[in-house]
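Engineer: Read left to right, the sequence shown gives residues 1 to 237 (the UniProt record's numbering).
Calculated from the structure, these hints are not laboratory results. Predicted model only: the values in this text are computed from it and were never measured.
Within a straight-line C-alpha distance of at most 30 Å, the following computed DSBU-like cross-link-like pairs (lysine-lysine) qualify:
{"id": "1", "residue 1": "K191", "residue 2": "K181"}
{"id": "2", "residue 1": "K42", "residue 2": "K191"}
{"id": "3", "residue 1": "K181", "residue 2": "K113"}
{"id": "4", "residue 1": "K191", "residue 2": "K113"}
{"id": "5", "residue 1": "K166", "residue 2": "K191"}
{"id": "6", "residue 1": "K166", "residue 2": "K113"}
{"id": "7", "residue 1": "K42", "residue 2": "K166"}
{"id": "8", "residue 1": "K113", "residue 2": "K42"}
{"id": "9", "residue 1": "K42", "residue 2": "K181"}
{"id": "10", "residue 1": "K30", "residue 2": "K166"}
{"id": "11", "residue 1": "K30", "residue 2": "K191"}
{"id": "12", "residue 1": "K24", "residue 2": "K42"}
What follows is a set of in silico ranges between Cβ atoms, one per label pair, in the way DEER data are often shown:
{"id": "13", "residue 1": "K42", "residue 2": "G146", "range": "18 to 24 Å"}
{"id": "14", "residue 1": "Q98", "residue 2": "R204", "range": "31 to 37 Å"}
{"id": "15", "residue 1": "R84", "residue 2": "G146", "range": "24 to 30 Å"}
In this text, a Cβ means the ideal position worked out from N, Cα and C, and glycines have one as well.
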Amino acid sequence: MAQRDRPANATGALNQLVSTLLFKSKSCVKVYNLNVANPTGKIKTLGQAVATYIDAPNYGFYACNFTGYQDTLCANKGRELFARSYIAGAVDFIFGLQSRAWFESCALESIGKGCVTANGNTNSSNLSEYVFNNAHVFSSNASMNGTAYLGRPWYPYARVVFQNSKLGDVINPQGWQQWNKDNNTANVYFKEYNNRGPGASTDRRVALSGGWTPRSCRASLEMTKDLIVVLNFFFSF
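Build out the structure end to end from the sequences listed, making use of the hints.
Structural biologist: Below you can see the structure in the form of structure tokens.
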């Protein structure tokens, strides 16, 4: 499934208008072996080019491919599970506001300069968080080494965890970025644990990130509880 054409009546910022596939009206949906692409490419003036937008709770995706450039996958609401799937993009290619998303054994390919994630947790009561477990972050283009970051905070309470994952040469030693120079990062929660690979060294990570702490363990436990709920749904027939 691919979105190839810009809507004829669209002008200015396109935002979600070029979304290839939108999941919104139903909850508790299982998706297997689906390939979704938005080949719009690099956009400087027209805004997002989303491949898949999920705006309903309790979705599970298994062995799916999501490809795009900017904002490929919007994991936006409720519990979401992505397992053994491939996600490719460049700028904030996994993003969203209110979802608790677990990515299990996913391949994340950076195809241009930018950040893998842009979590949009807006406040301390918002439970939004992305956890990547056993992920592989890489680029097929060696000239891109050091040009990608694990994430940046779309909003001040952004929460992202990479654990037990392989981080390739494409990851910049700083690991994470600010959204802009005025971005408040006091409540940002970017954590890494037990990762490996040339991009996994935390010696030069920026101050807004950190390693595993008791708080991280509690957060991971809460996400694991959510994962169990989704797994029970996903594999029940």
